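Chains A and B supply the protein sequences, listed in that same order. Read left to right, the first sequence gives residues 31 to 605 (the working numbering). Read left to right, the second sequence gives residues 383 to 722 (the working numbering).
Just so you know, these hints were derived from the structure itself, not from any lab. Predicted model only: the values in this text are computed from it and were never measured. Even for Gly, the Cβ is constructed at its ideal location relative to N, Cα and C. Each hint should be verified, as a subset may be incorrect.
[Said to hold, decoys possible] Covered by chain A, per the in silico footprint, the following chain B stretches (three or more residues, Cβ under 8 Å):
| id | stretch |
| --- | --- |
| 1 | 445–458 |
| 2 | 461–473 |
| 3 | 582–595 |
| 4 | 629–635 |
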Amino acid sequence: MAVSQTGTLDRAGHTGRSAFRFKDPTLPVWLGAALFLVFLMLFPLGAIFRASLWDDAGLTFNKYLEVFTNEQFLKAIWNTLIISIWVGVIAVIIGALLAWLVTRTDLPWKKPIRALVMASFVTPPFLGAFAWTLLAGPNAGALNKLYRFVTGSEEALFNIFTMPGLIFVMALYSFPYVFSMIANVCELISSDLEDAAEILGANKWRIAWTVTFPLAMPALIGGFILAFLHSLSLFGAPAILGLPAGLHTITTQIWALFQYPPRLDMAAAFSVPLLLATMVLIAAQKKILGRRGFSTVGGKGGQKRLIRLGWRRVPVLVIVFGILSLSIFLPYWILLKAALSKAWAMPLTWDNFTLNNLSFAFFQYDDTKLAIYNTFKLGILTATLGTLLATLIAYITNRNLFRGARYLTFFALAPLVIPGIVLAVGLFIAYTRPPLMLYGTVWILFVAYLTKEMPIGFSQAESTFKSIHPELEDASRVIGANRLTTLVDVTAPLARSGLIAAWSFIFIGVIRELSASILLFAPKSKVVSVVIFDLKEEGQVGVIAVLGILLLVVSFAVILTVQWFAGRDPVATRE
Amino acid sequence: MKKSVVCLITLISSLALTSMLAAQDAALVQAARKEGKVVWYTSLALPSSTAIAHFFEQKYKGITVEVHRTGSQRVLQRVMQEATAGIKNGDIIHTSDAGHFELLKAKNLLLKYTPQGVGPFPDGFKDKAGFYYGMRATLSVIAYNPKTVPDKDAPKTWKDLLNSKWNGKEVTAHPGYSGIIMTHVLALVNTYGWDYFRDLAKNKLHIVQSANDPAGVVASGERPIGVNGAEYFYYKTLKQGNPIKIVYPKEGVPLIVSPVAIAKDAPHPNAAKLFTEFIFAKESQQLLADKEGLYTGHPDVTYPSDKPKLKELKLLPADADELEKRNAEIKKRFVEYFGA
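Go ahead and model the full structure; you've got the sequences and the hints to work with.
Right under this line is the structure:
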């Protein structure tokens, strides 16, 4: 609540301070950060358009023609569309249901439920997909075996290597995005309108359906688009679950175009529709979320009351934990079992118990050490420099430091519309030739991660600065400090917890990144996600499980440390 | 008298030759030690290539082997990407697609080097121009899980795999990833034509990437029949106590010779040469046969008694030039029939 109020004051304060804008000696720092950001975004995108439109003969549309008349490619586009729509729908149903239960009802154990939703958010989708191959492979999958044992049936209950299987898994790891969006809205809808409906004689279920639901509608559509976009950009899950069944999606098709002989021009041409589709959807989402009816959710006053579930509490709780066991408990259990077994499909008895997977992963296999080192180096580096850059940019746009500063918002948020693999295509083309030869080193990954994580860092920093009144800064400026000193000494310490949250978001985003890394890695710059994917292609189940668990443990350790330091939950909704 | 002189001269010269070679070896080892490491791009199964690397490291202390294991086609993709970008990283290139080495040779990316050990190897293991030599031979075979498929019902021939009773029960690896499968597909296309794969695809196969992966899929029972796959990996999985039976079809078994070559721009050329010498020495070749279940070109190597001798089988070898020429066609057709 305090957020939006100080936000207004802040905007009011702008005009007064513009007078000493250009007197600031630290202007080069601000301009430098701004130019760096613009370059970071435009260079790879330029490379994509150039590669898709130009060849030795000059301007050509042949590559687009080739892409859109090729049956194989059209099929991949169609598959992607169907998958993403279903993922969007299912993610909204699960996400909205959980969000509503957690925010508007008297469901018990809300804290652990929130924590588990966060755990689903942190779990890399490719790891979830891999775990599900062990759970629901039609013949050897643990759940199907259990089903056969219990029912005596010959058939499988569920085949994960199908389009519905792929949709199911992708939805499991997309719903947390919808959850946090809807939960935020539900927290803010005051009970006034619901009270009015109650006075007019509606029962609580009718109120939920006719008042709360329509109020949350824009958020639902927004959540759908978010989940749709997330699924559009995923690479690992479709590669692990789709390819074995002969299903290509846009992302796996782009990846396949990198095989020798590489068709970078086609990959670029194939990336452009993905880029445009994402842009249109983000614009639509903005429009829907920004429309008038939504303004009821202003966060002004009002009290929310919780709906009593009564006797339904127990069955509802069972459903909630049922859903969370699909995204968390079952996958984690099977990973742990696979990590400690000789044969993952057999029961974990003493005969089947082994520590070989662990010792192979950590002591015999050299790539592991290198990959762990690279992953955490890149995670810390990107998170630190990313937070720094995001802070500078957010500060510029928030305090409107120079003319046109607000356009920087567009550049900082631009990667939202660039799926990871498309970004990688652009970076690969841009940085495998002079003057900037980054390919083959970890730096191309660094640039990719920095670009990809900029929106999340920026929006964290931006919302933090909005909540800090500029008068303290003005005081500091009056006694002679320049803007940079002010930011470092006054504003940043005040923004500490928000910036730490930004840091941890970026860090988690980096250590689980696969879709861009898979095109950009080289032998010296392998990261854990790439090694896991590599091992998946060779079918080294036990070793993958070990590395997957490592990735999860570190992610959770970071989150908990950050929570402890910052005294807040980095992915919490406003409570 | 004359005879003994000849004898003496022969003796001296052979001694001189041996000591010369030994001196040469010592010089090579020393130069390799100075470089300190060798980077090996390999498609040999990860546990096997790691084991070989550790064996080398034990023998030549102070030189580390950096193993980068992935599928043959990905190894080539890596080598070509680095060549285009001017990156010099890999020393030794090893894939199971002999066609790659014709391509790399034509692009002038290989160093001409003949290791001492390859003299007695059969012709199928040697590049006439002297750029690459076959380090191992792999068979691509049928395998099944005896827990779910009784021996009497099990497929015995390549054509048996087309039977619709196996619909949804078979697994294949991918020629767009694996050189073994690339060679396998070429050998069977040359025997039965593309119709064979068109018909096979009707059985809705589970598609994995590596030729080693079907072993795990068959062993776990996820798909009880492997329609192809690296025989040595099936054999190793079987030896670990998993339910697997291997079938060597009578009509012919694709034999895949996997070459090794040194990169032209190898950053550690001496270590690379030493590693190549090491890999073709009898000791290492015997290790490949004993520990990894592989076949090799070395005539003196002995094999586990429960494996068939190569000369007992009808082999379907593939020609490196033809592999090179038809690489794109094979990948395209396979994706067309199998979907991905």
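Evaluated hints:
Counting residues of the stretch 445–458 of chain B whose CB falls under 8 Å from any CB of chain A gives 9; the rule of at least 3 is met. Restraint check on the stretch 461–473 of chain B versus chain A: 9 residues with Cβ-Cβ distances below 8 Å, three needed, restraint holds. A stretch counts as covered by a chain when three or more of its residues have a beta carbon under 8 Å from one of that chain; for the stretch 582–595 of chain B and chain A the count is 7, and the coverage holds. For the stretch 629–635 of chain B, the assignment as covered by chain A is violated, since 0 residues bring a beta-carbon within under 8 Å of that chain's beta-carbons and 3 are needed.
In this structure, the one hint that does not hold is number 4.
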